[in-house]
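Peer 1: Sequence:
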Amino acid sequence: MRARSTLFTIFLEYVYPERRAPVRDLIAMMEVLGFSEAAVRAALSRSAKRGWVEPRRLGRLAYYALSDRVYWQVRQVRKRLYDPPIPWDGRFLLVLPEGLRERGERERFRREMALLGYGSLQSGVYLGAGVDPTATRELLAFYGISATLFQAEHLGPKEVVLRAFPLQEASAHYQTLFASLPPAPEDPLLAFRTLTRLVHEMRKLLFLDPLLPAELLPPGFPGPSARERFLALREALYRQAEPFLKGLSLPFSALSPQAR
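In our numbering, the protein residues as written are 1 to 260.
Hints listed in this document are in silico derivations from the structure and should not be mistaken for laboratory results.
Don't be surprised by glycine CBs; every beta carbon is placed ideally from N, CA and C.
There could be a bad hint or two in this list.
[As the list claims (entries may be wrong)] Here are the simulated distance ranges between beta carbons: (1) P182 with E102: 23 to 29 Å; (2) G90 with A28: 46 to 52 Å; (3) D187 with E107: 39 to 45 Å; (4) D68 with T176: 34 to 40 Å.
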């Protein structure tokens with residue numbers, strides 16, 4: 001776990017729906033995860049230079065707040081991790097973006113589309129099932145590009161559609177996800193570390209698992225059962241980590257597993 005990526009997970013899991021957190025709380029959480037104060041401050045400074053967070057001050061208390069862009073990303077990840085799936089009507093959404101010229105920008109766009117549940121049907125053609133059209137349009141607006149969108153039914157075997165998604169890679173990651181976690185830690189700090197690592201890995205899996213409707217999933221795909229196990233374990237770990245979390249100055253409602 002790298003410092004800047006871990007900070008995103010901290011904001012995602014412990015700060016949301018607030019968008020700002022005191023620097024002292026961020027340092028306290030990150031130190032439990034093995035990062036020094038100097039490393040945390042350096043990561044926050046680099047993130048601020050990139051426009052991901054904004055330094056703020058209230059009296060003598062220093063904060064960092066997520067930028068609008070990153071707060072949007074956090075909200076999308078929260079929806080994908082914790083909200084019920086969007087009902088699927090059997091149709092796919094195809095997106096053909098225009099105006100992405102630089103390779104780096106195309107790759108960033110591809111990763112964010114994957115985060116929303118899209119696969120790459122072929123170069124420049126994105127395919128989603130049960131995806132959020134509003135979030136799709138918002139992402140296009142962030143990049144300042146136009147796109148042609150189609151809703152369509154697929155008339156062939158589902159195996160052709162599944163090639164657009166890295167389900168085999170996702171399956172391999174799911175199979176190792178829980179193996180390295182310590183069994184039911186009672187120590188609040190160990191529970192906090194375990195919970196943070198679990199959420200961190202699950203949110204990264206969203207780049208691989210599009211959370212397809214059940215009708216499309218190949219036999220034996222472990223995603224749905226892994227998601228159920230994740231949610232149950234997350235709730236248990238919150239209870240164990242509560243003594244540590246209550247010592248922070250963040251609103252306790254933001255730490256609830258039910259926070260949206």
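Peer 1: Indicate, hint by hint, whether the structure satisfies it.
Peer 2: These are the hints, each one checked on the structure:
no.: 1; hint: P182 with E102: 23 to 29 Å; result: 43 Å, violated
no.: 2; hint: G90 with A28: 46 to 52 Å; result: 49 Å, holds
no.: 3; hint: D187 with E107: 39 to 45 Å; result: 40 Å, holds
no.: 4; hint: D68 with T176: 34 to 40 Å; result: 35 Å, holds
Of the numbered hints stated above, the single one contradicted by the structure is hint 1.
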